[in-house]
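When you get a sec, could you build the whole thing from the sequences and use the hints?
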Amino acid sequence: MTSKIIFSPEAHRGWLPWGLLSPFLCIAFVVASLLGTSPWMKSLGLEDAEGDPVGLVGFYAFLLIPFAFNGLLILAWVWLVERRPLSTVGLTGPAPIKTLFGGVLTGCLMILFLVAAVGLAGGYSVAGAGPALASPTAMGSIGILFLCFVVQAGVEEFMFRGWLLSAVTRKLGLPIAVVLTSLVFTFLHWSPNQHWLIMMSSFTFSAFACAWAIRAGNIWGVMGWHIGWNWLLSIGFGLPVTGFVVDLPALLVRVIPQGPDSLTGGAVGPEGSWICSVLFLVGIAFLLRPRKS
Numbered sequence: 041m042t043s044k045i046i047f048s049p050e051a052h053r054g055w056l057p058w059g060l061l062s063p064f065l066c067i068a069f070v071v072a073s074l075l076g077t078s079p080w081m082k083s084l085g086l087e088d089a090e091g092d093p094v095g096l097v098g099f100y101a102f103l104l105i106p107f108a109f110n111g112l113l114i115l116a117w118v119w120l121v122e123r124r125p126l127s128t129v130g131l132t133g134p135a136p137i138k139t140l141f142g143g144v145l146t147g148c149l150m151i152l153f154l155v156a157a158v159g160l161a162g163g164y165s166v167a168g169a170g171p172a173l174a175s176p177t178a179m180g181s182i183g184i185l186f187l188c189f190v191v192q193a194g195v196e197e198f199m200f201r202g203w204l205l206s207a208v209t210r211k212l213g214l215p216i217a218v219v220l221t222s223l224v225f226t227f228l229h230w231s232p233n234q235h236w237l238i239m240m241s242s243f244t245f246s247a248f249a250c251a252w253a254i255r256a257g258n259i260w261g262v263m264g265w266h267i268g269w270n271w272l273l274s275i276g277f278g279l280p281v282t283g284f285v286v287d288l289p290a291l292l293v294r295v296i297p298q299g300p301d302s303l304t305g306g307a308v309g310p311e312g313s314w315i316c317s318v319l320f321l322v323g324i325a326f327l328l329r330p331r332k333s
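With the numbering used here applied, the sequence shown covers 41 to 333.
To be clear, the hints were calculated from the coordinates, so they are not data collected in a lab. The model shown is predicted, which means the values in this text are computed figures rather than measured ones. Just to be clear, a hint being listed does not mean it is correct.
Stated by the list, open to error - Below are the DSSO-like pairs computed for lysine-lysine, each with C-alpha atoms no more than 30 Å apart in a straight line:
| # | residue 1 | residue 2 |
| --- | --- | --- |
| 1 | Lys138 | Lys44 |
| 2 | Lys332 | Lys44 |
| 3 | Lys44 | Lys211 |
And the structure:
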């Protein structure tokens, strides 16, 4: 790996966009996937007028349909326009399934640590242990959500840390690619009146994921981490995941936020907590540590 190559040195045989164009293409792909699926989802009652998912089935559809559409757009672009192999977008390396599930475990452990840290700092009160375990229906829904997050988080990693990071790296170098990828990720997760702490958390989330992909030389592990992180956050504690509340009883412990939004993350969930940003910064430092000779 060099400052201009990440994942695989195989050359592209088609048109690789200019470095500063790729971030705008990424945004365009996301917009196209939303415009292409939202009217249909609204017609089926899966989305409300604001574009938010309606009920649990609507949330399933939100995680599956636009993200799958987006992933297919990126895949077609890589194959037909840039004409480069999937190894150059991070789908490479030995034992991909083992690496993926190792990432899932790491994501779950990091969410457990984050929620515990916010709780120990006084951000949560406990309101019950494992209420979902008493409901076979809830347990089935939790399993379905895992599969949905495989699509959602998998596509996000393929798009941001796989395609965008590698495309910009080949044109502008790795440091600029990390910054631009993280800025686009933050922009696409931004909403009006969002607190700066939440934007910082989005940026550090992406920078951490970039650092993982760079160190590993592939995106399998960070893809699994993102899946495990989103899944356990959504079903483990009755907390929002990136502002979305899943209408299910908690799998592990039901907690009730208390204290300032800067600690709990407010309506966004613990991803908006300052503790989350610190966790990602520590993770980045760990991933950037020198390799043993």
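Hints and how they fare:
no. : hint             : result
1   : Lys138 <-> Lys44 : holds, 28 Å
2   : Lys332 <-> Lys44 : holds, 23 Å
3   : Lys44 <-> Lys211 : holds, 7 Å
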